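Using the sequences and the accompanying hints, generate a full structural model.
Going down the list, the sequences are from chains R and P. Just so we're aligned, residue 6 is where the first sequence starts under our numbering, counting upward by one. Just so we're aligned, residue 128 is where the second sequence starts under our numbering, counting upward by one.
Keep in mind the hints are simulated off the structure, nothing from the lab. Given the structure is predicted, the values throughout are model-derived calculations rather than measurements. You may find that some hints are simply not true.
Heads up, simulated DSS-like pairs for lysine-lysine below, C-alpha to C-alpha not over 30 Å straight-line [said to hold, decoys possible]: (1) P/K224 - P/K166; (2) P/K166 - R/K89; (3) R/K89 - P/K224.
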Amino acid sequence: MFDYAIFLAYALLSLALVLSFVRLVLGPTLPDRVVALELLASLTVGFIGVAVVATGRSAYLDVAMVLALTAFLAAIAFARYLEKGGHRSDD
Amino acid sequence: MTEGLTAIFLVAGAGFMLIAALGLLRMPDLLTRMHATTKAGVLGAGLIMVGAAIYIGQLTVVVKAVAVVAFLVLTAPIAAHAIGRAGYFMGVPLWSKTHTDELEGRYDPETHTLASSDKPPGDATAKAEKDRGRDEPGS
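Quick look at the structure:
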């Protein structure tokens with residue numbers, strides 16, 4: 006029963022990963038892609054959480070922590086680049 | 128008991144993350160997409176972390192999981208604010224059924240500072256004075 010729950014969680018997260026990857030490819034604007042990348046990072050944190058339960062190795066939580074940190078820094082850097090150096094899409 | 132609770136938290140968290148991805152794919156413009164991903168995504172990751180903390184049950188693991196959740200909850204609004212602001216300045220088109228944009232004409236396009244409603248600088252001043260003149264023809 007417990008194995009089925011872990012399998013179901015993996016399946017739902019995989020489907021979410023596919024859906025957000027579709028938005029990453031479709032765009033249409035760069036900020037949309039940045040939002041999709043941010044959700045991909047959150048989904049990976051979720052995957053690591055499920056992997057901690059499935060394997061029983063709690064050391065993976067450190068990876069989740071570092072991944073959340075770098076994803077935040079990447080989002081801030083992208084936003085700064087878009088605001089200061091990006092081109093307007095309406096001219 | 129522990130396994131049942133963990134299973135509920137894991138499946139609920141994964142379900143919320145699926146809802147977030149569905150919202151990201153189906154919502155019509157940038158701001159509504161961010162509305163879906165920021166809240167549901169953080170809630171889903173947080174529930175999965177709570178499930179992992181319950182399952183392992185050691186103090187160090189619980190502290191790490193709480194740290195991850197606290198970090199997500201602290202940083203997600205900041206990142207969403209930065210991206211939404213950048214998208215607004217880039218001129219990302221809003222949804223066609225958007226009926227109120229309270230920031231329109233209030234941002235200085237060069238300095239990206241927000242003008243107050245009393246004395247807006249730059250071309251926002253001219254627009255505000257034109258509006259005021261139309262409202263009070265005697266002044």
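Query - P/K166 paired with R/K89 [C-alpha distance capped at 30 Å] - result: Since the Cα atoms of P/K166 and R/K89 sit roughly 27 Å apart, the hinted pair holds (cutoff 30 Å).
Requested in this report: Quickly compare the C-alpha distance for P/K224 and P/K166 to 30 Å and report which way the hint goes.
Outcome: holds, 23 Å
Query raised in the report: Under the criterion that the straight-line Cα-Cα distance not exceed 30 Å, is the pair R/K89, P/K224 satisfied?
Result: Distance ~29 Å between R/K89 and P/K224 Cα, so the pair holds.
Consistency note: the structure conflicts with none of the earlier hints.
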